[in-house]
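Visitor: Protein chains in written order, with our numbering: chain Y, -18 to 147; chain P, -18 to 147; chain G, 105 to 605; chain B, 105 to 605.
These are calculated hints, taken from the structure and not from any lab test. Each hint should be verified, as a subset may be incorrect.
Label-pair ranges, simulated between beta-carbon atoms [what the hints assert, rightly or not]:
id	chain 1	residue 1	chain 2	residue 2	range
1	G	Asn201	B	Glu558	44 to 50 Å
2	P	Asn(-7)	G	His548	22 to 28 Å
3	Y	Asn(-8)	B	Thr547	21 to 27 Å
4	P	Asn14	B	Gln168	42 to 48 Å
5	B	Glu244	Y	Lys144	36 to 42 Å
6	Y	Val78	B	Lys309	35 to 41 Å
7	P	Lys48	G	Glu279	40 to 46 Å
8	Y	Asp130	P	Thr17	49 to 55 Å
9	G	Gly240	P	Lys144	46 to 52 Å
Ideal placement from N, C-alpha and C gives every residue a C-beta, glycine not left out.
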Amino acid sequence: MINLEFSYEYNNHVYKLTAERAKENDAYLITFNNRTYPVTSSEIKPGYLRIKLDDRVIKAVVAEGNKNMFVFLDGNAFNMKKVLPTSKRIEKKDGLVSPISGKVVNVKVKEGLSVKKGDVLMVIEAMKMEYLIKAPYDGIVKKIHLSVDEQIDMGMIPIEIEKTEG
Amino acid sequence: MINLEFSYEYNNHVYKLTAERAKENDAYLITFNNRTYPVTSSEIKPGYLRIKLDDRVIKAVVAEGNKNMFVFLDGNAFNMKKVLPTSKRIEKKDGLVSPISGKVVNVKVKEGLSVKKGDVLMVIEAMKMEYLIKAPYDGIVKKIHLSVDEQIDMGMIPIEIEKTEG
Amino acid sequence: MFKKILIANRGEIAIRILKACQEMGVKTVAVYSDADAYSPHVQLADESAPLGNPLSSESYLNIQKIIHAAVETGAEAIHPGYGFLAENPDFAYACENAGITFIGPKSDVIKLMGNKIEAKQRMEKADVPIIPGYHGLRQENNFLFKQGKKIGFPLLVKAAAGGGGKGMRIVHREEELEEAIEGAKREAKSAFGNDTLLLEKYLDKPRHIEFQILADAYGNIVHLFERECSIQRRHQKVIEESPSPVMTAEMREKMGKAAVKAAKAVGYTNAGTIEFMVDSSLNFYFMEMNTRLQVEHPITEATTGVDIVKWQIRIASGEKITLCQETLSQRGHAIECRIYAEDPANGFLPCSGVLTKVEPPVGPNIRNDMGIETGMEVTAYYDPLLAKLIVSGENREDAINKMVWALSNYVLLGITTNTSFLKEILTHEAFRRGDITTHFIDTHFKNWFATRPEIPVEALIALSVYDMMNAKSGVQKEVTVSSVSDPYSPWKRAGKWRIGD
Amino acid sequence: MFKKILIANRGEIAIRILKACQEMGVKTVAVYSDADAYSPHVQLADESAPLGNPLSSESYLNIQKIIHAAVETGAEAIHPGYGFLAENPDFAYACENAGITFIGPKSDVIKLMGNKIEAKQRMEKADVPIIPGYHGLRQENNFLFKQGKKIGFPLLVKAAAGGGGKGMRIVHREEELEEAIEGAKREAKSAFGNDTLLLEKYLDKPRHIEFQILADAYGNIVHLFERECSIQRRHQKVIEESPSPVMTAEMREKMGKAAVKAAKAVGYTNAGTIEFMVDSSLNFYFMEMNTRLQVEHPITEATTGVDIVKWQIRIASGEKITLCQETLSQRGHAIECRIYAEDPANGFLPCSGVLTKVEPPVGPNIRNDMGIETGMEVTAYYDPLLAKLIVSGENREDAINKMVWALSNYVLLGITTNTSFLKEILTHEAFRRGDITTHFIDTHFKNWFATRPEIPVEALIALSVYDMMNAKSGVQKEVTVSSVSDPYSPWKRAGKWRIGD
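One chain only, chain Y, in its complex shape (with noise of 0.2 Å):
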């Protein structure tokens, strides 16, 4: 008997399952807050599940990536973060990340300068078009990381601002 906990992450959010193998080859039971869903499954072919629910069958699409898993289901995609049982969560930063992978075309402001929430620190220019990197606080800017032509991966930090209190 085998059973494992599973932790899956979508939207900022993690969940966590317990599965139990059952004593039929293809009978589960899935424990998910603190519901127990006795299935039964089976892989139609590669990555294709069919999966018998109570009266229901539940035909999903399950597909692996480096870092994600991916659930198609009812016509819907739904890419997961696999959290991996050990690994704690990262921090998230309470800044400014890039949103996406790009070069810099234009910095607005300098080191130094005090900037109010919503104001244009930085624009970015990816696959043709431009995006704006913009205050998420009212501040003072303590380090740009970047400058012009220079490029920027997605998640990276390009400026650091100082938030004013109050």
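Given chain Y, put chains P, G and B in place with the hints provided.
Guide: Below, chains P, G and B without anything else, positioned relative to chain Y:
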């Protein structure tokens, strides 16, 4: 340096080739019929080969079954038997072999009877169609292995005919 | 409109009907024999019901089991597809009795048109031209032999209940007649449970041209123009096209009117097809009516823009046909090729086995109606039709070129198929000219199997390069699909697999 | 006819053109940057030529390299597709100079229509209605500011050389005008190397309706009716359909005639599109002409049965158009959805990564124009358009239902795409009613990202069942594609793969 010999059977003919890997990872020397073909090859996606031979590009799709290999080239599919290097070819029976799997629906002859080339010996039904087993030469019915309503598999010998000389 | 429909079929036609239902927001129930538990049509359906034993007679031909599945799942209607129970009046009757709508004509109309003899008598009365022959009730071999001699040779011996080339013989000389009558009776009995035969003058250089019709319960009947189905092997259609290369506007109007008249004469409802024989002087004769959806319906859909299956469902649910003959149009040219699991170089014997790679051609105006996918096992239980390939173009030449391209890009490995043979037909000078009759294959491809192509050296090079690439790592050859938990999964049965196959 | 054509593009449009060439028996040459060495368009072509550095400016926008590739491979003609060099008059001119046929209009016509200011002046002269605005040569920021104030708000600030929403700003208040002029100039300079702007009255509740035309070198011009392209996000078309839900036969004839007149006025040859703005009173104004194949050309192909790409090739090779306006017909209803690699729930930011599973929907009247396949890496170098999904039906309702079904069955995993967003649009009450303007998305989906769906418990169950099934054998999780020899193969880069993915 790897140097291997491969044999493939197609249309009752066995083709032998030797292959040698050149210094570069994707370059090979293939020898067939005393001629050596220097090629480079990349596998674009599983089974999809792009092979460069002189100025030409050969685009082929290869798929493996249990006993066969399939090549798709210039719009044609070729079904090849795998021949293991150590295996000897099985002698082909010079007689009657069922070309199809199906059910015997009629046996037209009896043991001991003499038959003429082209005489219908047996009728097999498969996929809702009838197929006739005919005498391949003049002779005498030696043994009938199957009777009406029995299942017959492709390659089975349903009836043995002793060839009449002259 | 129905809330739920059961599809009493398998393979490509079950899938085609399932998709129509789903687009219309109708829930679907698939049925499957043990051999088809993992088939694509079961995957696609919202629900499915098992029929057990793979033998057709125990599963897809078993009226009780199918009616039971419909009742159990709460299906309000059954679509029979083609083949199996599609033209079985007892099935339609059983549906009517069980309070389930049979998506097709009434059982008595199926029965009438299923009897080729009565059908012809009816058509004769309705002034639809028929072929000279014997359509009588006396069926003693001796009597049939005499009638056949009277009509003269070549002569067609044909099962009255038949269809699809089963129980059919062409007799050229008196000496062949006796065996032909016996053989046709035996085949007819086995296939249809009825060995009544009819005899007909066999036409010289005939074309097979059929008209699609749609009829509702309110007396509205339209035709969707013709299909040319002359390219046949053993009376089995192989390539169909629309429009027919010989058709003129005038002839089309005449034949279309005759088709509508034929349907009206028997009170026909739902989709149906009137098959005509056309002789070398372009006279046409009623041959038979198929009281169901045809295999080749997609070429009519491509040229008219009408979805025949959706109309079948709407008509069965009591809707009126809102199409009208004057605004219906036939545009461009469409061709269908039937992809069979058969070996043309070996007497066209059916093949079975595992499909190791299935990648159909994709492109504008290319339609793939398929019941197969990579990894699937094709058994000997059912018809060897794997898939249909339908293309359309601005004109016939354009469509032929597209079809040749599509066939040349159809990756279908693991089982020998007829794709190379289809390409040979399409590129044949006589076919290009439109010079086709039902004898086309017999005339031009009698000894075709003898010319099986030499294997090109490039194929041998590709194989050895492939083996060499795999020899390097030496590991992945042992990879099996261990992650599939079900012992009956086709991925398990398929044995050794390369990644990504 | 040409013997060999080079396709100076990538992705779905390169593939669409390659297939047309192959069907016509024309040999093909693909070009590719280092990032695209394993892309499907390279696989499909008969030959291919590398362009090196993935940066567009160094590869697909590099005129010298592409002309060189054509000369080296002996290509007689170049098809530019859309985007990249398709509307670059220097490229067309370089082709003309090198003795290679550019499949499109003459370079001077591209240049003329590429200058939005001159184009409008020309149209005004030819009596084609245009929108009030400033289309002059003076470009000082101050001057433009004054002109803008004069025209009034809302005001459109637009790159004269532009297209596809780049270098374009809508200004609602005077305070926004200065920054809009600066930003548009900067974007225009970066995208087109030319920062000339034009200003225009911004229409209230406008629709974007365009007419496809075909013109040969002998003065024959036909139009292939309209496309409704109002569903846009940031001036980028998202969903297109044909016919337009507001079009009447009378208006269609008027606009079609204007489109033909516009093409005639500039001596246009080959395929082109006249884009019109239509206001709430159904007045129409010439907006611009796209001197190339459009992304959305398939919906016209679906409704007219005409293959636009094949006609482009025929016209370029000197053939006459044999289509005539009287016999051309528009039948049924077609819709195209653009599948973008972007995250609608995250401000529609483009996404990149590896496509772990690509299985597009298949069915009657469903067309997939795709540049992607399972295992492919989508980079940030090029446009985030992954594929186009085109469906057609007997009428608009039928087509919408089919599109919803198709989107719901589009397995596209590994990268977040806009398919759910597309479905939301198609099922929106206002869209169903045909009540659409270019503001549709801004009006109805302003805060759509906020409603990202909760993950259903079924998805979590499926995931853990999947992981549980794999946990049992414990082996296949480590399987990598060791048989692929090339270190740059996407199958290597893609990392871990399950069998059959």
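Visitor: So, for every hint listed, does it hold in this structure?
Guide: Comparing the hints with the structure gives:
For the hinted restraint 44 to 50 Å between Asn201(G) and Glu558(B), the CB-CB distance of approximately 47 Å keeps it satisfied. Between Asn(-7)(P) and His548(G), the C-beta spacing of about 26 Å keeps the proposed range 22 to 28 Å intact. As the Cβ distance of Asn(-8)(Y) to Thr547(B) is approximately 26 Å, the hint placing it in 21 to 27 Å holds. Judged by the Cβ atoms, the range 42 to 48 Å given for Asn14(P) and Gln168(B) holds: they are separated by roughly 45 Å.
Here the CB-CB span from Glu244(B) to Lys144(Y) is close to 41 Å, well matched to the stated 36 to 42 Å. Checking the proposed 35 to 41 Å range against Val78(Y) and Lys309(B) shows it holds: the Cβ atoms sit about 38 Å from each other. For the pair Lys48(P) and Glu279(G), the supplied restraint of 40 to 46 Å holds, since their beta-carbon distance comes to about 44 Å. The beta-carbon spacing between Asp130(Y) and Thr17(P), approximately 52 Å, falls within the hinted interval of 49 to 55 Å.
In this structure the hint that Gly240(G) and Lys144(P) lie 46 to 52 Å apart at CB holds, the actual value being about 47 Å.
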